[in-house]
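Chains as they are written, first to last, in our numbering: chain A, 1 to 161; chain B, 162 to 322; chain C, 323 to 483; chain D, 484 to 644.
Since the hints were made in silico from the structure, they are not lab data. For clarity, every value in this text was computed on a predicted model and none was experimentally measured. Hints may contain errors.
Stated by the list, open to error - Simulated pairs of lysine-lysine, DSBU-like, Cα-Cα distance not exceeding 35 Å:
no.	chain 1	residue 1	chain 2	residue 2
1	A	K26	C	K473
2	A	K2	B	K312
3	D	K634	C	K421
4	A	K26	D	K509
5	B	K187	C	K348
6	C	K348	A	K150
7	A	K26	C	K324
8	B	K314	B	K187
9	B	K311	B	K163
10	C	K421	C	K348
11	B	K314	D	K509
12	D	K634	C	K475
13	C	K324	C	K473
14	B	K260	A	K99
15	B	K312	B	K260
16	D	K633	C	K324
17	D	K634	C	K473
18	C	K324	C	K348
19	D	K485	C	K421
20	A	K99	B	K311
21	A	K153	A	K26
22	D	K634	B	K187
23	A	K2	B	K187
24	A	K151	B	K260
25	D	K634	D	K582
Number of protein chains: 4
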Amino acid sequence: MKIRLFVTGGTFDKEYNELQGTLFFKDTHLPEMLRLGRCRLDLEIRTLMMIDSLDMTESDRMLIAENCRTASEDRIVITHGTDTMVETAAYLAGRLSGKTVVLTGAMIPYKFGSSDGLFNLGSSLAFVQTLPPGVYVSMNGKCFPWNAVKKDKRAGEFIEI
Amino acid sequence: MKIRLFVTGGTFDKEYNELQGTLFFKDTHLPEMLRLGRCRLDLEIRTLMMIDSLDMTESDRMLIAENCRTASEDRIVITHGTDTMVETAAYLAGRLSGKTVVLTGAMIPYKFGSSDGLFNLGSSLAFVQTLPPGVYVSMNGKCFPWNAVKKDKRAGEFIEI
Amino acid sequence: MKIRLFVTGGTFDKEYNELQGTLFFKDTHLPEMLRLGRCRLDLEIRTLMMIDSLDMTESDRMLIAENCRTASEDRIVITHGTDTMVETAAYLAGRLSGKTVVLTGAMIPYKFGSSDGLFNLGSSLAFVQTLPPGVYVSMNGKCFPWNAVKKDKRAGEFIEI
Amino acid sequence: MKIRLFVTGGTFDKEYNELQGTLFFKDTHLPEMLRLGRCRLDLEIRTLMMIDSLDMTESDRMLIAENCRTASEDRIVITHGTDTMVETAAYLAGRLSGKTVVLTGAMIPYKFGSSDGLFNLGSSLAFVQTLPPGVYVSMNGKCFPWNAVKKDKRAGEFIEI
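Pulled out of the complex, with its shape left as it was, chain A reads as follows (with noise of 0.2 Å):
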């Protein structure tokens, strides 16, 4: 079983710049992530733009939505972030068929030391595996249908609508 991976940006993989005191993007950590996690499975990470999802134009959606249509692939996960993934997870509902689709993030930069990414990472690889063709949100270890979700931004957490 082959997993293409997409990677975005998000909170994910935001670092801290030391010389300006900001948090920026460098590179992914996705390829770290996999190799602490001892991950084993069959992968293709290819990394398509490094944003802000709040920054996220239809543009952007619609690299991500071509890239997931042409890869040979039928199960992909998404690294993206929290800000605007239901919007992106309903923008590919809409634009693919026959592909499973999982969507993932995090609450606090891999980087910091108390990360969510690594636990999503393993949640999003597991239910990829899983499900059956569609778009999903893979987040706090669960799995919801693009159109059954929300981010509660007070709370901080993904929840079913």
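Since chain A is already given, all that's left is putting chains B, C and D on it; use the hints.
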């Protein structure tokens, strides 16, 4: 969906005893790891024992099987040492039915910076939600039916047989 | 030998606010860091403020100076943002005497895995025990008299002038 | 000011061997720790051996003493297992002169998340810059002359005698 989490120890929960310079068990770190992963699943955690799986006896396995049988939940994750995880999985398969039971562990203790524990926890909690009744081993991002897996001790990973 | 530890915030104690996606101050991590370092010195810790040193005013510096002056200890370490650490050191030098005062900070927040905080804490606590009365800045493993140091913002380190 | 850093192993550099489930030595982590601490001192690092100090022989101590004697630097830090750190300090005190030598170690391996290693490294590098010639032990934030210290094995800390 309620999930039961049984802790039996294994490398997952080992700690370094600085006074003796040896590895030992204290309390389980599962609650801490679930908080880190921001897991919002409805989980019931129970520590059954804290031992190295090389020291597990038939008596210990009987205890695990009995607890699985009497648990009200029909979805169960068991943290376990990797050395005899397959043996315990086989033992349980012969004694349980109607429940999805996933065994997982870690090659490096959670307390060590470079642990696969959090990743495996995310994986197993995802698999237990989607797999049909049966006994499984979840390691290295994969999930194996109890009778189709073994630990490759040389490589330090689990493979399909 | 009693040592006083004054906390003023700075990058040392910044945390990631997962709901806003920004950096902020909560409680100081100094006690936790001292426990980690297994520090057995006779220390008295007091949080004076938790601010970014770019936001420090004359009023804040006056508070720091007054607390240093009235402290019963004559050996004092102050955790401080790196951006205006030298300004505060100069301010204190003009107002204190008979005390060994060492300012230190961190380029990366302690809460991030790759922080220099713990190393700098060890350094400054050692320097404060051996240096003669005066005001110093301790960063990058070195110790500088207050009037012979500046922050090289481009390189992100402290150098002798 | 040039400082020499001799590595002899000890708990400082122990790692977890996931295939055997035991602790062992691989390469020293000193360079990585110095990078983390953003240490800008002029340091020369040399690994003399990587052993548990309980296994140290007269022959090993002779090697350490000879290297200290012939080093061009007169400020030296030695990382060492805590169990016989005081013995080695005494051995060196009888054979060296005109050099400031500070021995330090860690109660928990650096590779474990909760290590005192980085703190002790910061301490010892600071002490070696300010103390007069002699042999010292730096642990728990303190610095002890070689003949006024012992390891309290019950409490797991170093105390003055």
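_35 Å limit on alpha-carbon distance, applied to hinted pair K26 of chain A and K324 of chain C_ = Since the Cα atoms of K26 of chain A and K324 of chain C sit roughly 44 Å apart, the hinted pair is violated (cutoff 35 Å).
_Straight-line alpha-carbon gap K26 of chain A to K509 of chain D, limit 35 Å_ = Holds. K26 of chain A to K509 of chain D sits at ~30 Å (cutoff 35 Å).
*asked:* Would the hint linking K421 of chain C and K348 of chain C be met if the CA-CA limit is 35 Å?
replied: holds (30 Å)
*Does the structure keep K314 of chain B and K509 of chain D at a Cα separation of 35 Å or less?*
This hinted pair holds, its Cα atoms lying about 20 Å apart.
_Distance restraint between K324 of chain C and K348 of chain C, which requires alpha-carbon spacing of 35 Å or less_ = Holds: K324 of chain C and K348 of chain C sit about 27 Å apart, inside 35 Å.
*Does the alpha-carbon distance linking K153 of chain A and K26 of chain A stay inside the 35 Å limit?*
holds (26 Å)
*Would you mind confirming whether the straight-line C-alpha gap from K634 of chain D to K421 of chain C stays at or under 35 Å?*
holds (31 Å)
*Taking 35 Å as the top limit, are the C-alpha atoms of K99 of chain A and K311 of chain B close enough?*
holds (30 Å)
_Would the hint linking K634 of chain D and K473 of chain C be met if the CA-CA limit is 35 Å?_
violated (39 Å)
*asked:* Tell me if the straight-line CA distance from K634 of chain D to K187 of chain B falls inside 35 Å.
replied: Measuring from Cα to Cα gives roughly 24 Å; hence the hint holds.
*Assess, step by step, whether the Cα of K485 of chain D is no farther than 35 Å from the Cα of K421 of chain C, and give holds or violated.*
Holds, because 28 Å separates the two Cα atoms, which is no more than 35 Å.
*asked:* Hint check: K260 of chain B vs K99 of chain A, CA-CA at most 35 Å. Holds or violated?
replied: holds (28 Å)
The structure fails to meet hints 7, 12, 17 and 23 from the earlier list, while all remaining hints are met.
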